[in-house]
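Student: Residue-level listing of the chains:
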Amino acid sequence: MSAEISIGTANMFDECAVLRRVPLFRTMDPAKLKLLSFTSRRVRFPAGEYMIRKGDVSTAAYAILNGQAEVLIPVPGGEKVIALVGESRVVGEIGLLLDTPRTLSIRAKSDVDCLKLCRDVFFQLLRESPEFAIAVMQDLATALDQRTSQVLAIMAERGAA
Amino acid sequence: MEPSLFGFIKKYSLRQQVLLTVLTVASFPFLYYSLELPKIIVNKAIQGKHFPIVVMGYTFDQVGYLIALCVLFLILVVINGAFKYWVNVYKGRLGERMLRRLRFQLYAAMLGFPVNHFARHPPGEVIPIITSEVETLGGFVGDSVAVPVFQGGTLITILVFMLMQDWALGLSAIALYPVQFYLIPRLQRKVNALSRERIRLIRQMSDRISESATGLREIRVHATDDWQLAEFSSRLHVNYMIRYRIYRLKFFVKFLNNFFAQLTPFFLLLIGGYLVVTDEISLGSLVAVLAAYKDLGAPWRELLDYYQSAEDSRIKYEQVVAQFAPKAARRAAAIGNVEHVPAQRLDAIHLAMRDEQGTTALEDVSLSVERGGMVALLGPESSGKHELAQAMSALCDPTGGRVTLDGEDLRDLPSTRVARAIAYVGANPVIFAGTLYSNLVFGVQRRPESASDAATNRQIERLEAAMTGNSDADLGADWIDYRAAGATGRADFARCILETLDATDLRGEIRDMGLRGVIDPEAHPNVAGWVLEARNALRGTLEDRSISAHGRLFERFDRERFLEYASLGENIVFGAIIGKQLADGGLARDPYLLEVLEAYGLLESLVQAGVQAARTLVEIFSDMAPGEIVFQRYSLLDPQGLTEMRQALQRLDRNPNGKPTDGDRFAFLSLALRLVPAHHRLGVIDDAMPSRILEARRLFSENLPKRLQNAVEFYDEASYIAALPVQENLLFGRLISGTNLTDSPMFDIAVGALEQAGIRDDVVQAIMEVGLQMPTGVNGSLLGPALRQKLAVARAVLKRPDFLVLDDALSLLDGAAQLRVLQALSSREGHPAIIAVLQRLEHARGFDRVILCDRGKIVEDGSYEELRRSQAFADGVLEAAE
Numbered sequence: 002m003s004a005e006i007s008i009g010t011a012n013m014f015d016e017c018a019v020l021r022r023v024p025l026f027r028t029m030d031p032a033k034l035k036l037l038s039f040t041s042r043r044v045r046f047p048a049g050e051y052m053i054r055k056g057d058v059s060t061a062a063y064a065i066l067n068g069q070a071e072v073l074i075p076v077p078g079g080e081k082v083i084a085l086v087g088e089s090r091v092v093g094e095i096g097l098l099l100d101t102p103r104t105l106s107i108r109a110k111s112d113v114d115c116l117k118l119c120r121d122v123f124f125q126l127l128r129e130s131p132e133f134a135i136a137v138m139q140d141l142a143t144a145l146d147q148r149t150s151q152v153l154a155i156m157a158e159r160g161a162a
Numbered sequence: 002m003e004p005s006l007f008g009f010i011k012k013y014s015l016r017q018q019v020l021l022t023v024l025t026v027a028s029f030p031f032l033y034y035s036l037e038l039p040k041i042i043v044n045k046a047i048q049g050k051h052f053p054i055v056v057m058g059y060t061f062d063q064v065g066y067l068i069a070l071c072v073l074f075l076i077l078v079v080i081n082g083a084f085k086y087w088v089n090v091y092k093g094r095l096g097e098r099m100l101r102r103l104r105f106q107l108y109a110a111m112l113g114f115p116v117n118h119f120a121r122h123p124p125g126e127v128i129p130i131i132t133s134e135v136e137t138l139g140g141f142v143g144d145s146v147a148v149p150v151f152q153g154g155t156l157i158t159i160l161v162f163m164l165m166q167d168w169a170l171g172l173s174a175i176a177l178y179p180v181q182f183y184l185i186p187r188l189q190r191k192v193n194a195l196s197r198e199r200i201r202l203i204r205q206m207s208d209r210i211s212e213s214a215t216g217l218r219e220i221r222v223h224a225t226d227d228w229q230l231a232e233f234s235s236r237l238h239v240n241y242m243i244r245y246r247i248y249r250l251k252f253f254v255k256f257l258n259n260f261f262a263q264l265t266p267f268f269l270l271l272i273g274g275y276l277v278v279t280d281e282i283s284l285g286s287l288v289a290v291l292a293a294y295k296d297l298g299a300p301w302r303e304l305l306d307y308y309q310s311a312e313d314s315r316i317k318y319e320q321v322v323a324q325f326a327p328k329a330a331r332r333a334a335a336i337g338n339v340e341h342v343p344a345q346r347l348d349a350i351h352l353a354m355r356d357e358q359g360t361t362a363l364e365d366v367s368l369s370v371e372r373g374g375m376v377a378l379l380g381p382e383s384s385g386k387h388e389l390a391q392a393m394s395a396l397c398d399p400t401g402g403r404v405t406l407d408g409e410d411l412r413d414l415p416s417t418r419v420a421r422a423i424a425y426v427g428a429n430p431v432i433f434a435g436t437l438y439s440n441l442v443f444g445v446q447r448r449p450e451s452a453s454d455a456a457t458n459r460q461i462e463r464l465e466a467a468m469t470g471n472s473d474a475d476l477g478a479d480w481i482d483y484r485a486a487g488a489t490g491r492a493d494f495a496r497c498i499l500e501t502l503d504a505t506d507l508r509g510e511i512r513d514m515g516l517r518g519v520i521d522p523e524a525h526p527n528v529a530g531w532v533l534e535a536r537n538a539l540r541g542t543l544e545d546r547s548i549s550a551h552g553r554l555f556e557r558f559d560r561e562r563f564l565e566y567a568s569l570g571e572n573i574v575f576g577a578i579i580g581k582q583l584a585d586g587g588l589a590r591d592p593y594l595l596e597v598l599e600a601y602g603l604l605e606s607l608v609q610a611g612v613q614a615a616r617t618l619v620e621i622f623s624d625m626a627p628g629e630i631v632f633q634r635y636s637l638l639d640p641q642g643l644t645e646m647r648q649a650l651q652r653l654d655r656n657p658n659g660k661p662t663d664g665d666r667f668a669f670l671s672l673a674l675r676l677v678p679a680h681h682r683l684g685v686i687d688d689a690m691p692s693r694i695l696e697a698r699r700l701f702s703e704n705l706p707k708r709l710q711n712a713v714e715f716y717d718e719a720s721y722i723a724a725l726p727v728q729e730n731l732l733f734g735r736l737i738s739g740t741n742l743t744d745s746p747m748f749d750i751a752v753g754a755l756e757q758a759g760i761r762d763d764v765v766q767a768i769m770e771v772g773l774q775m776p777t778g779v780n781g782s783l784l785g786p787a788l789r790q791k792l793a794v795a796r797a798v799l800k801r802p803d804f805l806v807l808d809d810a811l812s813l814l815d816g817a818a819q820l821r822v823l824q825a826l827s828s829r830e831g832h833p834a835i836i837a838v839l840q841r842l843e844h845a846r847g848f849d850r851v852i853l854c855d856r857g858k859i860v861e862d863g864s865y866e867e868l869r870r871s872q873a874f875a876d877g878v879l880e881a882a883e
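So the sequence lines, in the order shown, correspond to chains W and A. Each residue of the first sequence is one higher than the one before, counting from 2 in this note's numbering. Each residue of the second sequence is one higher than the one before, counting from 2 in this note's numbering.
One should not assume that every hint holds.
In silico EDC-like cross-links for lysine to aspartate or glutamate, where the CA-CA straight-line distance does not exceed 20 angstroms [to be verified]:
{"no.": "1", "chain 1": "A", "residue 1": "LYS85", "chain 2": "A", "residue 2": "GLU136"}
{"no.": "2", "chain 1": "W", "residue 1": "LYS33", "chain 2": "A", "residue 2": "GLU620"}
{"no.": "3", "chain 1": "A", "residue 1": "LYS11", "chain 2": "A", "residue 2": "GLU136"}
{"no.": "4", "chain 1": "W", "residue 1": "LYS117", "chain 2": "W", "residue 2": "GLU94"}
{"no.": "5", "chain 1": "W", "residue 1": "LYS33", "chain 2": "A", "residue 2": "GLU729"}
{"no.": "6", "chain 1": "A", "residue 1": "LYS11", "chain 2": "A", "residue 2": "GLU409"}
{"no.": "7", "chain 1": "W", "residue 1": "LYS110", "chain 2": "W", "residue 2": "ASP146"}
{"no.": "8", "chain 1": "A", "residue 1": "LYS251", "chain 2": "A", "residue 2": "ASP348"}
{"no.": "9", "chain 1": "A", "residue 1": "LYS12", "chain 2": "A", "residue 2": "GLU319"}
{"no.": "10", "chain 1": "W", "residue 1": "LYS55", "chain 2": "A", "residue 2": "ASP744"}
{"no.": "11", "chain 1": "A", "residue 1": "LYS12", "chain 2": "A", "residue 2": "ASP624"}
{"no.": "12", "chain 1": "W", "residue 1": "LYS117", "chain 2": "A", "residue 2": "ASP585"}
I should point out that these hints are in silico values taken from the structure, not numbers from a laboratory.
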């Protein structure tokens, strides 16, 4: 059960300005950006609510408009914050692409306003705009590259120890 | 069923046919005399000389005589008309009754077909048989006896007259009849063969069409339209050729007949002329014969037409019966009610089954199941487990051995008894078009003992039904057999349904449907009453909890507040549009609304908001294909609406004064009224607008003109709002998440509050009642496959059979859900014996006995634990079907 709470009247043009700062959407055509913003649902997570919970299967991805959220990994006896994310960050985009259980949890640190991106529109954009598709691939490749480096670093650490 | 058409006619309408014939013959003198009378009037009344004359003791002068004869003529005209009218109506009615009887017999015969019949024979062929093919037979039945008797009689009378004038001349008039008698039936036989072919073809075509219609998705997926069209075209061609040949033959017969008819005067003149010349007969006789011959043409043509349509009808009838009779003989329709005696045991005894190709499906299988037992059947797909389950449900007849219910062979028991004791559910159950409820109670329908309120108006219906061998049961009465479901009566039935839904894991889904459902409170006053009670009970709790804890989870329909999750139109009306005066954009055109908007200076700002919104929508959606799901879901406009908006904007931009035309103003206003502030964050609603809208809202309801009274339904806290789903009625507000209430944190809060108020069960029952009204669609297409399976199991469980046969009946549920249902079914008090064909051994955990079939035989038989230890399990045979 998600604890999304939508908020009242807001302006999609302001949201577009925030989305524009997201690396993924930087080069996107303005009309497409408006489409994305228009079709997204604006939601607010109060501080302490989980936006994404490890193990859940959900297709939600969020673009954070303001506020801060914590990225959590499970550790014995609880969870550990490994990163903070804030305005103009997209979280959970893997969920747009795959129906696999979430590998990480994300929790609102302060009240977080965000746009819940719609999967249909996301795919639509991928189909229509090769630039966007490339941007998504680059984003994923960057993430993969980082993970690989991290894994290698950890392995090297273990090898050294 | 009667094998021949005339047998059918004789058996069911002999008396009526005799009456029709008598009437037809009786009408003849009047007709004859009405034709004679004008001659008499001219000859005797108008040109007559000897007046006054005395007729039947009355004395007439010339004018008096003329008037009397003309009045007589008028009377004859009326009598003739009356005869004709009466005979036609009688014929038509007789034909319709016979048609009705035939259709009923055919449908009843179809219900008696073996259940697997339509797996091998296309069902699309049966439909035209019962609907269109027999249609023409009705028309023929009325004519079947009267026409040949009457026209034949006329023909013979004329012939006799001719023979009496002169036998040679008479014979010459009919000299060509033998040729016609020889030729015409031969040609007709060809027509008949073609007709048969044509009937067969049309049947195949109907089946083909229905197959294409159901397979539309596959055709689309593989884009085979081209082949489909070519195939259909070739069928149409064959049909055309046959029809064309039929026409040629038919009209050739007509031609021949006309030709012979013209040929005969040739003989008459030649032979008759010779006889007159040689003084053998008088000229008067020849003229009389010629005149009589002219009259011969009409009845002869009538008889020929009759012959053709009789042949046509005979063939149709025989074709139809041939299609139905042989298969139907096996089983009589399940009619009438039997008192149910709980059955104790079901035994398969030395069962053998071989399919049509001779493949052995079962070989000497014996299995006994006692009341309350739990038997799982496992094995590979072709192991015979399905056949065993079906044979034990009387769905297919074994080729050897037998299945007995308490010692009696299933084949000897009435099907109502079998149906009451054994319930079979397969993997692809049929869900009928209707509601969930109508499907659920499908199995507990019995002929009602008490009549409906309308029963007094049914006398004619019952009389007609009795006259045509139809069913005279009262369809409007309550057909539900509450006792079969274990209820004491109607009131108690809801409990049985809830229990059944619980046992089949359906409660949650149906509750969700109920919450989303829209009902007419007048049709369900009970539901509306409970929802309103719940609304009252929830009010305080929801206000406190939902607003304080997490900001807002839902938006109350608060008359004093601007609603962000309702459209602007909804905000102004503060209600739902229900009347057609305001629906479909009518709101934006209504002078009253315009007046209200004008009063608060809203009209112009809303039109401007519409213009702004249109600009953004056109920009976003213009280059998107209309079929895209995104377009359909989010654009607010249909493709045509979007095009119109684009054109309106172009007109606006071209207009030097910058104002939209009157027509476009409505379009922009209409769009603005559909904007939902929270969803359509287009930045078109300024800060001043909400408060002005609140004022407009007040004015709108206060001065609402009479003509609009029934066009809107205000959100009135004290009444049920028919236009809104149950959950919005319950909350008297809208969930912000736009989801189901059950998915919202509100749900637990609401359930708690209802519990506290002590009305939880009643409210739940009301919601379930709504959920069960959900339509199922054609073949249950509106339901998911797993839901269809669960519904079918629930349908079987509700009637409380003694033996429940689940033949892969839960196969589309996930493993945990399957176990849950099996567990729930077996833990009910007095549950039926369960014979379940399962896919995996682990699903058989709760069963007393697990049987492994392989190649038509039982190869393992033991408890779940024993089977787990068995060699077969180790070999992986038990998981083979996975």
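Student: Against each hint, give a clear statement of whether it holds in the structure.
Tutor: Hints and how they fare:
{"no.": "1", "hint": "LYS85(A) with GLU136(A)", "in the structure": "violated, 23 angstroms"}
{"no.": "2", "hint": "LYS33(W) with GLU620(A)", "in the structure": "holds, 9 angstroms"}
{"no.": "3", "hint": "LYS11(A) with GLU136(A)", "in the structure": "holds, 19 angstroms"}
{"no.": "4", "hint": "LYS117(W) with GLU94(W)", "in the structure": "holds, 10 angstroms"}
{"no.": "5", "hint": "LYS33(W) with GLU729(A)", "in the structure": "violated, 34 angstroms"}
{"no.": "6", "hint": "LYS11(A) with GLU409(A)", "in the structure": "violated, 40 angstroms"}
{"no.": "7", "hint": "LYS110(W) with ASP146(W)", "in the structure": "violated, 27 angstroms"}
{"no.": "8", "hint": "LYS251(A) with ASP348(A)", "in the structure": "violated, 61 angstroms"}
{"no.": "9", "hint": "LYS12(A) with GLU319(A)", "in the structure": "holds, 16 angstroms"}
{"no.": "10", "hint": "LYS55(W) with ASP744(A)", "in the structure": "holds, 19 angstroms"}
{"no.": "11", "hint": "LYS12(A) with ASP624(A)", "in the structure": "violated, 71 angstroms"}
{"no.": "12", "hint": "LYS117(W) with ASP585(A)", "in the structure": "violated, 31 angstroms"}
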